[in-house]
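Each protein sequence line maps, in turn, to chains A, B and C.
The working numbering puts the first sequence at residues 1 to 101.
The working numbering puts the second sequence at residues 102 to 206.
The working numbering puts the third sequence at residues 207 to 402.
No wet-lab data here; the hints were simulated from the structure.
Glycine included, each C-beta is placed from N, C-alpha and C at the ideal position.
Treat each hint with caution, since some may be false.
Stated by the list, open to error - Keeping only pairs whose Cα atoms sit at most 30 Å apart, straight-line, the calculated DSS-like set for lysine-lysine is: (1) A:K35 x A:K8; (2) C:K233 x A:K61; (3) C:K375 x C:K258; (4) C:K262 x A:K35; (5) C:K258 x C:K279; (6) B:K180 x A:K8; (7) C:K262 x C:K279; (8) C:K258 x C:K327; (9) C:K271 x C:K258; (10) A:K84 x A:K8; (11) C:K327 x B:K187; (12) C:K327 x C:K262; (13) B:K180 x C:K327; (14) C:K327 x A:K61; (15) A:K61 x A:K8; (16) A:K35 x A:K61; (17) A:K8 x C:K233; (18) C:K271 x C:K375; (19) C:K375 x C:K233; (20) A:K35 x C:K375; (21) C:K233 x A:K84; (22) B:K180 x A:K61; (23) C:K375 x C:K262; (24) A:K35 x C:K258; (25) C:K233 x C:K279.
Unchecked claim - Okay, the calculated bits of chain B under chain C, using three or more residues with CB under 8 Å as the criterion: (26) 127-133; (27) 142-156; (28) 161-172.
Stated by the list, open to error - These stretches of chain C come out as covered by chain A in the derived footprint (C-beta under 8 Å, 3 or more residues): (29) 218-230; (30) 256-270; (31) 340-353; (32) 377-391.
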Amino acid sequence: MGGLPAGKVEPTEHDYPEWERRVDAMVQLLRLGGKITVDEVRKNIEALPPEAYDNLSYYEKWISSLTQTLIQRGIISTAELGRKMQEVEMRVQNRAAPVRD
Amino acid sequence: MQPQFATDYPALAPSFSVGDRVRVRATAPLGHIRTPFYIRGHVGEIERLCGSFPNPEELAQMRNGLPAIPLYRVRFRQKEVWPDYKGPATDVVEIEIFQHWLERA
Amino acid sequence: MKDQGRYQPFTYYQLMETSLRELLVEKGIVTDAQVNAEVAAMRGRTPERGSKVVAKAWVDGEYRKRLLANGTKACQELGLEIPGLNLVVVENTPQVHNAIVCTLCSCYPRVLLGIPPDWYKSRNYRSRMVREPRAVLAELGLSIPDTVQIRVHDSTADMRYLVLPMRPKGTEGWDEARLARIVSRDSMIGVAVPSA
Numbered sequence: 001m002g003g004l005p006a007g008k009v010e011p012t013e014h015d016y017p018e019w020e021r022r023v024d025a026m027v028q029l030l031r032l033g034g035k036i037t038v039d040e041v042r043k044n045i046e047a048l049p050p051e052a053y054d055n056l057s058y059y060e061k062w063i064s065s066l067t068q069t070l071i072q073r074g075i076i077s078t079a080e081l082g083r084k085m086q087e088v089e090m091r092v093q094n095r096a097a098p099v100r101d
Numbered sequence: 102m103q104p105q106f107a108t109d110y111p112a113l114a115p116s117f118s119v120g121d122r123v124r125v126r127a128t129a130p131l132g133h134i135r136t137p138f139y140i141r142g143h144v145g146e147i148e149r150l151c152g153s154f155p156n157p158e159e160l161a162q163m164r165n166g167l168p169a170i171p172l173y174r175v176r177f178r179q180k181e182v183w184p185d186y187k188g189p190a191t192d193v194v195e196i197e198i199f200q201h202w203l204e205r206a
Numbered sequence: 207m208k209d210q211g212r213y214q215p216f217t218y219y220q221l222m223e224t225s226l227r228e229l230l231v232e233k234g235i236v237t238d239a240q241v242n243a244e245v246a247a248m249r250g251r252t253p254e255r256g257s258k259v260v261a262k263a264w265v266d267g268e269y270r271k272r273l274l275a276n277g278t279k280a281c282q283e284l285g286l287e288i289p290g291l292n293l294v295v296v297e298n299t300p301q302v303h304n305a306i307v308c309t310l311c312s313c314y315p316r317v318l319l320g321i322p323p324d325w326y327k328s329r330n331y332r333s334r335m336v337r338e339p340r341a342v343l344a345e346l347g348l349s350i351p352d353t354v355q356i357r358v359h360d361s362t363a364d365m366r367y368l369v370l371p372m373r374p375k376g377t378e379g380w381d382e383a384r385l386a387r388i389v390s391r392d393s394m395i396g397v398a399v400p401s402a
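Same shape as in the complex, but just chain A (with noise of 0.2 Å):
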């Protein structure tokens, strides 16, 4: 990336909120538990397709990469994280139901 032409430098910054700090730290406690590497997450983040490098925000990359790398380790399956998936916005939406009835 460096070297190329790319807009003004705004000094953004933003207070992480607690997912984001979430997937951070289970990038750090996989790696210092030897279960995954940093070059792993960083090669899958650099295989994402363009649109999506240029689109998630950081942590949405992150934690993207963090999956495909477990899921390439063989510590989760994508069948396993399909089903957890159902089950987690299943119980999302039904917290979510209006109490108005």
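We have chain A; now place chains B and C onto it with these hints.
Same frame as chain A, now just chains B and C:
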């Protein structure tokens, strides 16, 4: 040459010394690479031996990256890297580069 | 950050984070306690830790030499816990100004200074800082004369960098704590300089 950071990986011997003129290999293989595109083919000078570290290209592929490879900081003159560099001729960019990406210049 | 209640939008990526974490906990790979502890540990890593190191180097010439020789050992001397950090400290002088970037991703001395700011990770900073550092510094409010050499450090591999800024005039006799308070995170990245 003494590394700034000692590590105890089995490692290749360092080939370069401080002050050596080196060229970054001008090649673009596939895989995860930590030698930036903008510096490939350019000539610089060894500023220090950082130490020897496992090859990130291999670590990225779930291999152990050993034997560790000597990692150097290499100094380049900005006016030699960028044809349109507007700052003074003294400005430099210093980059960590693994030994296998360097050849004697 | 407080739960905003049942109408909080839950994105695909937040769904992934929750799902991944629950799976890892179920499999015994991490525990919720470990994740929370690591989040807390990271919150505790703030630029003030780096400011302390700089202030000590300003008052203690022998410490400054040790810091430049091996930043990791010098930080550990002060009791700072910095697991896995290979810290290279680069010193600003009247002839040299240093600035740090990671063009490939966002490498930064996180275990010393905490999570890097958004702009450091931005495409614009990463693309332009190696190529036109003076223009980028000027946009960020720092003007460096042409008589001063700029050294840009691209953090591409296992090293991490801290800029040791120059001690500003008007700070004679200040103690370390007072000096540390004027050392900002941005001055340790090299996009600002401290002032009294």
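Hints and how they fare:
Distance hint between K35 of chain A and K8 of chain A is unfulfilled; the C-alpha atoms sit about 39 Å from each other, more than 30 Å. Using a Cα cut-off of 30 Å, the hinted pair K233 of chain C and K61 of chain A holds, with the two alpha carbons roughly 24 Å apart. Taken as a hint, the K375 of chain C and K258 of chain C pair is honoured in the structure, with Cα atoms around 18 Å apart against an allowance of 30 Å. With a C-alpha separation of about 38 Å, the suggested pairing of K262 of chain C with K35 of chain A is violated against the 30 Å cut-off.
For the given pair, K258 of chain C sits about 15 Å from K279 of chain C by alpha-carbon distance, which is consistent with the 30 Å threshold. At most 30 Å may separate the alpha-carbon atoms for a hinted pair to count; K180 of chain B and K8 of chain A meet this at roughly 22 Å. For the suggested pair K262 of chain C and K279 of chain C, the alpha carbons sit about 14 Å apart, so the restraint of at most 30 Å is met. The hinted pair formed by K258 of chain C and K327 of chain C meets the criterion: a straight-line CA distance of about 25 Å does not exceed 30 Å.
For the suggested pair K271 of chain C and K258 of chain C, the alpha carbons sit about 16 Å apart, so the restraint of at most 30 Å is met. A C-alpha spacing of about 41 Å is found between K84 of chain A and K8 of chain A, which places the hinted pair above 30 Å, so the restraint is violated. Distance hint between K327 of chain C and K187 of chain B is fulfilled; the C-alpha atoms sit about 24 Å from each other, no more than 30 Å. Taking the CA atoms of K327 of chain C and K262 of chain C, the gap is near 29 Å; set against the 30 Å cutoff, the hint holds.
Simply put, K180 of chain B and K327 of chain C have alpha-carbon atoms about 25 Å apart, close enough for the 30 Å limit, and the pair holds. Taking the CA atoms of K327 of chain C and K61 of chain A, the gap is about 12 Å. The hint holds against a cut of 30 Å. With a C-alpha separation of about 22 Å, the suggested pairing of K61 of chain A with K8 of chain A holds against the 30 Å cut-off. Straight-line distance between C-alpha atoms of K35 of chain A and K61 of chain A comes to about 19 Å, which keeps the hinted pair within the 30 Å bound.
For the given pair, K8 of chain A sits about 45 Å from K233 of chain C by alpha-carbon distance, which is inconsistent with the 30 Å threshold. Proximity of K271 of chain C to K375 of chain C is assessed by CA-CA distance (about 21 Å); at most 30 Å being required, the pair is judged to hold. Proposed proximity of K375 of chain C and K233 of chain C is contradicted: the alpha carbons are some 57 Å apart, above 30 Å. Taken as a hint, the K35 of chain A and K375 of chain C pair is broken in the structure, with Cα atoms around 49 Å apart against an allowance of 30 Å.
The hinted pair formed by K233 of chain C and K84 of chain A meets the criterion: a straight-line CA distance of about 13 Å does not exceed 30 Å. With a C-alpha separation of about 34 Å, the suggested pair K180 of chain B and K61 of chain A falls outside the 30 Å cut-off, and the hint is violated. Note on K375 of chain C and K262 of chain C: the hinted pairing holds, with a Cα-Cα distance of about 16 Å set against a maximum of 30 Å. A C-alpha spacing of about 34 Å is found between K35 of chain A and K258 of chain C, which places the hinted pair above 30 Å, so the restraint is violated.
Annotation: proposed proximity of K233 of chain C to K279 of chain C is violated, straight-line Cα distance about 37 Å (limit 30 Å). Coverage of the stretch 127-133 of chain B by chain C is violated. Counting CB-CB distances below 8 Å, 0 residues qualify, and the rule asks for three or more. Here's how the stretch 142-156 of chain B fares: 3 of its residues keep a CB closer than 8 Å to some CB of chain C, so the rule of at least three is met and the hint holds. For the stretch 161-172 of chain B, the stated coverage by chain C is not satisfied: 1 residues place a CB nearer than 8 Å to a CB of that chain, which falls below the threshold of 3.
With 12 residues having a beta carbon nearer than 8 Å to a beta carbon of chain A, the stretch 218-230 of chain C meets the requirement of three or more and the stated coverage holds. Look at the stretch 256-270 of chain C against chain A: 0 of its residues bring a Cβ nearer than 8 Å to a Cβ of that chain, fewer than three, so the hint is violated. For the stretch 340-353 of chain C, the stated coverage by chain A holds: 3 residues have a C-beta nearer than 8 Å to a C-beta of that chain, and at least 3 were required. Counting residues of the stretch 377-391 of chain C whose beta carbon lies closer than 8 Å to any beta carbon of chain A gives 0, which falls below the threshold of three, so the coverage claim is violated.
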